[in-house]
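Chemist: Keeping their order, the protein sequence lines are chains D and G. Note that our numbering numbers the first sequence so that position 53 is 53, with each residue one more than the last. The number in our numbering is simply the position in the second sequence, starting from 1, with 1000 added.
Simulated from the structure, these hints should not be mistaken for laboratory data. Just so you know, these numbers come straight off a predicted model, no measurement behind them. Just so it is clear, CB atoms sit at the ideal spot from N, CA and C, and this is done for glycine as well. Hints may contain errors.
[Unchecked claim] So the derived list for chain G, only partly shown, Cβ under 10 Å to chain D, looks like this: (1) TYR1036; (2) GLY1043; (3) GLN1081; (4) VAL1082; (5) ALA1086; (6) PHE1089.
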Amino acid sequence: KAGVTQTPRYLIKTRGQQVTLSCSPISGHRSVSWYQQTPGQGLQFLFEYFSETQRNKGNFPGRFSGRQFSNSRSEMNVSTLELGDSALYLCASSLAGPGAEAFFGQGTRLTVV
Amino acid sequence: GDSVTQMEGPVTLSEEAFLTINCTYTATGYPSLFWYVQYPGEGLQLLLKATKADDKGSNKGFEATYRKETTSFHLEKGSVQVSDSAVYFCALSIGGSNYKLTFGKGTLLTVNP
């Protein structure tokens, strides 16, 4: 079956702009999580959605937001971009629950100039 | 809060050498433990997991045992190959309705022929 699909793969934006990233989970997976990966901070949890509801949120400013649609597809939005937002943004889908495996997409590489 | 500490890299080995990457954790509840691998330009792939104490996860010659008494989940492989060169992440998740992975900083492994 198809894996987790993230679009676009690469983005270049200017400081102050906003950006929307998209994630299509594996069919049947209702939990979608987002992570930011940077060389300095490593992998940090942004938020998790299940059945269109945000269930868990990491320690990021309000400029980072997300949503999930009825078909489980998810988007994340970053407003008023800063240079420090340059990162690889990874989406993961899972069946959730204890010990559940998270399946990751290839990520969206965002560069803010 | 929950945290994962893994040995800093980079680790450089010759082909057929023995590999150990140390991982210890701190968790508020009873975690499930994972090792993920990231190849250059790719997202994360689950390598192995263990969901309770004394469980041994194994895959592709890699092994790790869930040690509750030492809060550890060290990754081992008896004979590494050049194709094992990648970044390895130790992670945990706490069971419940919310799904969130907490990752270590990652260890870069380079295997030379």
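Chemist: Decide, hint by hint, whether the structure agrees.
Modeler: Do the hints match the structure? See the list:
1. TYR1036: This interface hint holds because 8 Å falls under the 10 Å limit.
2. GLY1043: Result: holds, 4 Å to nearest chain D Cβ.
3. GLN1081: violated, 23 Å
4. VAL1082: violated, 22 Å
5. ALA1086: Violated, because the Cβ-Cβ distance from ALA1086/G to chain D comes to roughly 14 Å (cut-off 10 Å).
6. PHE1089: Holds: closest Cβ of chain D sits about 7 Å from PHE1089/G, inside 10 Å.
Of the numbered hints listed earlier, those contradicted by the structure are 3, 4 and 5.
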